[in-house]
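Generate coordinates for the entire structure from the input sequences, incorporating the hints supplied.
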Amino acid sequence: VDAYRITAEPYYQPAGDECALFEAAYAQRVPVLLKGPTGCGKTRFIEHMAWRLQRALITVTCNDDTSAADLTGRWLLDAQGTRWHDGPLTVAARTGAICYLDELLEARPDTTVVIHPLTDTRRVLPLDKCNEMVQAHPDFLLVASYNPSAYKPLKPSTRQRFCALDFQYPHADLEATIVAHESGVAPTMAQRLVALAVRTRRLQGHGLDEGASTRMLVHAAQLIAHGVDPSAACRMAIATPLSDEPEVMAALLATVDASF
Amino acid sequence: MRASIAPYLRSLWNVTVPLHDIAAKEVQQTFLSTLGLHLPSRVARIAPDAATYSATDVAPIYSPDEVADHVPTAAWLQATSAHAAAHMAYSHHQFNPQGLQPASQALVGLLEDARVEWLACQELSGLHRLWLQFHAVPYTQPPGFEDLMRRLARALLDAQYADPHPWVVKGRALFFTDATQSALALTGPHALRLAATRLGNDVGQMRLQFNARLYRAQPSYRDDNNTLWLPDSNRADVQHDISAQPQGAGAQSGQASAVLVAQPYRYREWDRLVPMYRVDWATVLDALALPATPDQAQDPTPPPPMRKYTALLLPTRRAHLPRQADGDELDWDALVHAQVALRSGQAPEQQVYRRMHRIACAGSTLLLLDASASTARVLEGQQQSMFALARNAAWQYTQALGEIGTHCAIHSFFSDGRHAVHYQRVKDFHAPLDAQCWARLMGLQSRLSTRLGAALRHATQLLLYTGSAPRRVLLLTDGQPHDVDVHDPRYLVEDARHAVREATRLGVQVQCLCLDPAAVPSLRKVFGVDQVQALPRQ
Chain Y
1 VDAYRITAEP YYQPAGDECA LFEAAYAQRV PVLLKGPTGC GKTRFIEHMA
51 WRLQRALITV TCNDDTSAAD LTGRWLLDAQ GTRWHDGPLT VAARTGAICY
101 LDELLEARPD TTVVIHPLTD TRRVLPLDKC NEMVQAHPDF LLVASYNPSA
151 YKPLKPSTRQ RFCALDFQYP HADLEATIVA HESGVAPTMA QRLVALAVRT
201 RRLQGHGLDE GASTRMLVHA AQLIAHGVDP SAACRMAIAT PLSDEPEVMA
251 ALLATVDASF
Chain A
1001 MRASIAPYLR SLWNVTVPLH DIAAKEVQQT FLSTLGLHLP SRVARIAPDA
1051 ATYSATDVAP IYSPDEVADH VPTAAWLQAT SAHAAAHMAY SHHQFNPQGL
1101 QPASQALVGL LEDARVEWLA CQELSGLHRL WLQFHAVPYT QPPGFEDLMR
1151 RLARALLDAQ YADPHPWVVK GRALFFTDAT QSALALTGPH ALRLAATRLG
1201 NDVGQMRLQF NARLYRAQPS YRDDNNTLWL PDSNRADVQH DISAQPQGAG
1251 AQSGQASAVL VAQPYRYREW DRLVPMYRVD WATVLDALAL PATPDQAQDP
1301 TPPPPMRKYT ALLLPTRRAH LPRQADGDEL DWDALVHAQV ALRSGQAPEQ
1351 QVYRRMHRIA CAGSTLLLLD ASASTARVLE GQQQSMFALA RNAAWQYTQA
1401 LGEIGTHCAI HSFFSDGRHA VHYQRVKDFH APLDAQCWAR LMGLQSRLST
1451 RLGAALRHAT QLLLYTGSAP RRVLLLTDGQ PHDVDVHDPR YLVEDARHAV
1501 REATRLGVQV QCLCLDPAAV PSLRKVFGVD QVQALPRQ
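Residue numbers (the working numbering), protein chains in the order written: chain Y, 1 to 260; chain A, 1001 to 1538.
One or more of the hints may lead you astray.
As the list claims (entries may be wrong) - One-sided and incomplete, this derived list gives chain Y residues near chain A with beta-carbon spacing under 10 Å: (1) C19; (2) P153; (3) S157; (4) R199; (5) R201; (6) L203; (7) R215; (8) Q222; (9) A225; (10) A251; (11) F260.
I should point out that these hints are in silico values taken from the structure, not numbers from a laboratory.
All residues carry an ideal CB built from backbone N, CA and C; glycine is no exception.
Next up, the structure:
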């Protein structure tokens, strides 16, 4: 499990008191849900907190094919016969790591039910396939993230087992600081990128499901730091990936042209 | 390109303004009105690149091709809409024309145009490049007033542009505090008006002619600045004759109510011109349908189930098929069994893969019948009206789906403007398909219009709250949506397309069974190519 430990401090710029709140939740071992749009810093936050709390971080990126066995484990074959192989959730529960289920909503609803016994006072993980009841390590914590704009509701029975932190894009100055730090561009260029992101976010619900994320801005800024023309970098990293609708894309490209 | 203008303006300054096409080809200038932004369908050709001109060049003479009108280019549309939006973002003062000569009025417009563009360029530097390409300047000798206006407009936008004419130099000095054009000298509307008056007086002293009626703000992308002036002002230039797009004309009453006490639900509606949702725009009146009255012709015997048709439109879901001979990945359980068989000296099974597949499943299906007046037509070769066929098909289909465990509901709708989308429930999901349902189904009648988007949104909500997954709306309709208070033929089509998209995002599949085979291609634009089929003749 040491392979899952984070040795260097991941850069994270707090936007409020989310670090202190998370530490309090961890102290009480209350499962935490991280809500927020894509690319706003949820994963970076949990990496930072795992480093700060000196816990291993086991991440599972959920998708619509993620099954309960992908989390708990399965029987495998080897030369001697069949062998039980713990899944990432089981490993985390046994060793006292933080298990981070990224994009929980993407997993099938029946899959998410497997976490229920771990998230109440029982703190156990039943492994019916190998007839074992895993008692969670005292240091174990379950953290899940999801994007509420994904048009899929989270089951109330799952939702009510967590306390939650709501993440939004940082305010403009802070976001510019993050973009400048992550990419190495000048602060003025970072501010111009953030102004462009704010413009794309105005189209949310009007052709776009979500505007440009902080991660997209960092990508664009990295291209600029590499020597790419700012306008070309933003077309490539922001306008073109954001939408496939011809009208929206034309509007985004024109906005990029207007911005640089 | 025009469709991208609305999101473009929203992203630039969060400006939401209805866009209108100017039908008259002779009106070649953009203008703002209380109705929104009006964009011309033709504009005069402009000289291609202003950067190629300088004060020392030989005066260019515009060729006939250059002044012939043409369809606006994408760049021109962006330039003109961004300029108009800059007015909406930065022009917050309306001038009183009293006491101003016509030339000074034109100069107020020019200086205000330059001011909003300068402010816009401080925020969005790329707009400078966009606008500058249209600032070609003619160097006729001696220059007329409009020539000087174009040169001043260029000078106020382009700090690199050198113009020796004293009037242009004076205009620049009045407008900016320094030669680099980094700060405005005009501190407010009063200062701007004063500067325009001084420049206008100079025009008078130069004895330059100015015809206010023929004057058009230049370059061509700039709007007519009509909104800069107080509404009742007696100005010299042209006032536009704008005709309103009738919207929300209100429900026309008078039709007999076919429903019991209706529960109103409000839904948003997509306005393609803005484009954005109009919140709580359409009212759906939901009620149980009334049974057929004795005087209504009623078929006493319901038709038999349509089993042959069930397989065609059976709801499906994605699932893993285990133990396949080939597939995307290994089936671990099958592998283990194969190894166990090998080690116990038996021949192992070869089917050790699994793959994704669509399989038929029960779930819930809401059959939504379009009961608008147009479905009362009898198609050639048919004995019954389209609506009678749809009622029978809905009954048969519900019977057949019920036999395989699918929960079915039969609902119907017609509309009378946005305030009254009548939604009638014949059978709910868990209600039995009995004689009362048949009587209610027979009680439905074709009438009024088709506000499809609102009905689809309501059906989607009902499915989400009462139906089991996978959920599906199966619409039986004869063609395009239409309503009495909507005169834009694309408005309700676009709204319906958005309603389908919203339903899909919520996990509700929307399919369409078309009663009129001729309408299938147009409906595919709303529902998607694979989601529309024609109702079979038999």
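Which hints from the list above does the structure break, by number from lowest to highest? 1, 3, 7, 8 and 9
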